[in-house]
Amino acid sequence: MYLKKLELQGFKSFANKTVFDFSSGITAIVGPNGSGKSNVIDALRWILGESSAKNMRADKSENLIFSGTSKKARSSMAEVSVTFDNSSQFFPVDFSEVVIRRRVTRDGVSKYWINESAVRLRDIVDLFAQARLGTQFSIVSQGSADSFIAASPSQRREMMEEILGLRRYQIKRRDAKNKLALTQTNLERVRALIEELLPHLRLLRRQAKKWERAGEVEKELLEVEKRYFGARIKALSVMDARIVPLEQELKEKHERCRTDVKSAQDAFVLVEKRAPKKEEKGELRARYEKLFTERGELERRLSSLEAEIRILSSTKSVPLNHQLLLSVASSLKEVLQNISQFNFDFS
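This note's numbering applies: residue 1 is where the sequence shown begins, and numbers increase by one.
No lab work stands behind these hints: they were computed from the structure. Since the structure is predicted, the reported quantities are computational estimates derived from the model, not experimental observations. Don't be surprised by glycine CBs; every beta carbon is placed ideally from N, CA and C. Hints are all accurate, no fakes.
For lysine to any residue, the following SDA-like pairs were computed, each having C-alpha atoms within a straight-line distance of at most 20 Å: (1) Lys111 with Val125; (2) Lys4 with Ala131; (3) Lys54 with Gly36; (4) Lys4 with Lys17; (5) Lys209 with Pro199; (6) Lys4 with Ser24.
Label-pair restraints from in silico Cβ distances: (7) Ser13 with Gly108: 14 to 24 Å; (8) Glu116 with Asp59: 30 to 40 Å; (9) Arg74 with Asn33: 22 to 32 Å; (10) Val30 with Arg173: 34 to 44 Å.
All chains should be built: construct the whole structure from the sequences, respecting the hints.
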């Protein structure tokens, strides 16, 4: 494996597209101060997955983009592409050449490619970690040659882990810890939501049971209504069937009483005109007693008829015509009133 090519466009001081072709062996980039040698190293760090602003000498990602000069406009994006020879299968991919490209725009959007396939930054870091290639030892900056000797035990351990190829697992371990921490936070939120919703859940559960029971209660109520009103309708039908003959009977009695009253009135007129004989008095007394006997029977019938009218009037579910009964009752009251007007002394 060796570095074949490095392409820069819009990255720091490289406004135009610049291509560095590296042949096998030793390659050196020389130039005066301020010519951009360090920017080339920064580009390599950046493409290898470096995210530290200190190591990149930039406060934010926008500072990586060419900011423009008095003679050239600023760039809208910075892009770095690096090509590796992979004929020895140094990288764990089935390609003889590996091309990695990274781009950032001024709105902060970053994109990554491996052999022109869009990937994530994590995929690029993982690829270099599997190849034991990173920014810790792959790039030795000026003044950092003795970093291993001057490093603390924890820093030295990180260096050894990168040399042994453990960085990949360290990254996975860190990601797993982050996921566990996020999961723990989500669990705490879920517990808080459960505690908040539990009283409402109990209430909804009771309401749901009532709603389930409502169908059964409604069905039972309908059955009870059918039985109750069925019996009432049957009884009212029987009562209604009795009204027709009762009407006919009352009509006949009404006509008979009217005739008797008329006859009594005529007789009373004759009695008033002349003095009656003893036989006539007896006959009148008998007719008088018979008339008032029928009056008592009519009063009992009238009371029964009025009770039936009240029962039928209170039952609104059965449509009946009560005007007929009311008319008959009114006629009976009129006859009874006429009968009550007669009061004679038969001594």
